[in-house]
Amino acid sequence: EAGVAQSPRYKIIEKRQSVAFWCNPISGHATLYWYQQILGQGPKLLIQFQNNGVVDDSQLPKDRFSAERLKGVDSTLKIQPAKLEDSAVYLCASSLPLGPQETQYFGPGTRLLVL
Amino acid sequence: TQLLEQSPQFLSIQEGENLTVYCNSSSVFSSLQWYRQEPGEGPVLLVTVVTGGEVKKLKRLTFQFGDARKDSSLHITAAQPGDTGLYLCAGAGGRRALTFGSGTRLQVQP
Chain A
39 EAGVAQSPRY KIIEKRQSVA FWCNPISGHA TLYWYQQILG QGPKLLIQFQ NNGVVDDSQL
99 PKDRFSAERL KGVDSTLKIQ PAKLEDSAVY LCASSLPLGP QETQYFGPGT RLLVL
Chain B
7 TQLLEQSPQF LSIQEGENLT VYCNSSSVFS SLQWYRQEPG EGPVLLVTVV TGGEVKKLKR
67 LTFQFGDARK DSSLHITAAQ PGDTGLYLCA GAGGRRALTF GSGTRLQVQP
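Chains as they are written, first to last, in the numbering used here: chain A, 39 to 153; chain B, 7 to 116.
Don't take each hint at face value.
Footprint (simulated), chain B over chain A, 3 or more residues, beta carbon under 8 Å [claimed, not checked]: (1) 48-54; (2) 74-83.
Listed next, with one range per pair, are the computed distances between beta-carbon atoms [to be verified]: (3) A:Tyr48 - B:Glu23: 31 to 37 Å; (4) B:Gln115 - A:Lys116: 41 to 47 Å; (5) A:Gln139 - B:Gln20: 33 to 39 Å; (6) A:Lys116 - B:Val50: 24 to 30 Å; (7) B:Gly46 - A:Leu134: 42 to 48 Å; (8) A:Pro46 - B:Ser13: 31 to 37 Å.
Which residues of chain A face chain B? A partial, calculated answer using Cβ under 7 Å [unchecked claim]: (9) Gln86; (10) Leu129; (11) Gln139; (12) Thr141; (13) Phe144.
Since the hints were derived computationally from the structure, they do not count as laboratory data. C-beta atoms are modelled at their ideal positions from N, C-alpha and C, and glycine is treated no differently.
Excised from the complex, chain B in its bound form (with noise of 0.2 Å):
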């Protein structure tokens, strides 16, 4: 069975301040993808990595792909009100289509 551990679960932090989203699992994955999920809507993906190693940058959101292709790391620089929400990690590969983290709720305080 493939497990997603995504660290930390909750995280209430200022305007302004970076902050670090971990997704971590013992299964090797295919791809990894970053959703972000607003209250009363489903989750829409920001990024999908495929290489180990590999790093995408989608404004002041950074994505990087482990080099064992099991773990992800979501950061984010200078944060904003706009950026409070549901972070998902999604790894593809094996039999499932997709395998999602637990989430880490953000919340960015003006």
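So here's chain A without its partners, still in its complex pose (with noise of 0.2 Å):
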């Protein structure tokens, strides 16, 4: 079975300039999420999508952040215009919706240097 795809594993761009990043979920999996890893902190959610629905975006920066997820299967993450602070891995996760015990499954993540 493949797993999380994310793409591309590395950016470096300046601040003020405009950044996107991709996501293809595990095949069936209606629940994707996008997470933040700044440098020795845990995952921070940006927004969880349901098929192509927002479930949850309460954390996610949304006057230089945007998402989508039109189709219920691929997703992109954009960030416009990006801060130093957006320096991050920005991690993204897929799932069967099961509740409490659902497991996530990560992909490798997108490493982000802003300079």
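Put the two chains together into one complex; each comes in its own frame, and the hints tell you how they fit.
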């Protein structure tokens, strides 16, 4: 079974530039998550999709971050414009919705460095 | 806001030693998960505990969920270099799917 795919793996941009990340979840997984993991910290949920609908985006900085999952499969996360503090690893995860015992499967992440 | 605090933040030990990592919160969780993350990779689920007081064993790893479902511990017996990594606890409950702790970085020296 193929895992969660993310691209690119690394990205270096200058502040105020735009950047987009792509995620392809495990086939059949209805739930998709984007997390931000700053160095030395645990992942922080940015947005959760159930199929193509948003379940939770309360921690997404909506003035600069946006995400979509138009066909309920792949998803993109965009930052426009980027700030220095956006330097982090952006993780995508997917799961079958099974409540408290569900397993989230994570991709390898995209490491973003904003200069 | 649900917060999970992990301790210690960093642990460096010799191969063969035992260790315990703690995950504490003031909030009650419906379940708690432990993940391990290696450099350049995403977290991988180790275990899910659901019932207060529950103990689960995974080879040399023992996981315990507190009676009040607010805290958890991970104990590793006879640590090996392959155990090196970032250990994350994550609680499920409330509005958010998972809330992650800040992690414990474990380094096991051969």
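Tested hints:
1. Closer than 8 Å: that is the beta-carbon criterion, and the stretch 48-54 of chain A has 0 residues meeting it against chain B, so the requirement of 3 is violated.
2. For a cut-off of 8 Å, the count of residues in the stretch 74-83 of chain A with a CB near a CB of chain B stands at 6, and the three-residue condition holds.
3. Checked against the hint of 31 to 37 Å, the C-beta distance between A:Tyr48 and B:Glu23 comes to roughly 35 Å, which is consistent with it.
4. Take B:Gln115 and A:Lys116: their Cβ atoms lie about 42 Å apart, and the range 41 to 47 Å holds.
5. For A:Gln139 and B:Gln20, the hinted distance range of 33 to 39 Å is satisfied, since their beta carbons lie about 36 Å from each other.
6. A:Lys116 and B:Val50 have their C-beta atoms about 27 Å apart, which keeps the hinted 24 to 30 Å range intact.
7. About 26 Å separates the C-beta atoms of B:Gly46 and A:Leu134, a value inconsistent with the hinted range of 42 to 48 Å.
8. Range check, A:Pro46 to B:Ser13: Cβ separation about 35 Å, and the 31 to 37 Å hint holds.
9. For A:Gln86, the shortest C-beta to C-beta distance to chain B is roughly 6 Å, which falls under 7 Å, so the interface hint holds.
10. Taking 7 Å as the C-beta cut-off, the interface hint given for A:Leu129 holds, the closest approach to chain B being about 5 Å.
11. Nearest Cβ of chain B to the Cβ of A:Gln139: about 5 Å, under the 7 Å cut. The hint holds.
12. Of the supplied interface hints, the one on A:Thr141 holds, with its beta-carbon coming within about 5 Å of a beta-carbon of chain B, less than 7 Å.
13. Hint on A:Phe144 holds. Least Cβ distance to chain B is approximately 3 Å, under the 7 Å limit.
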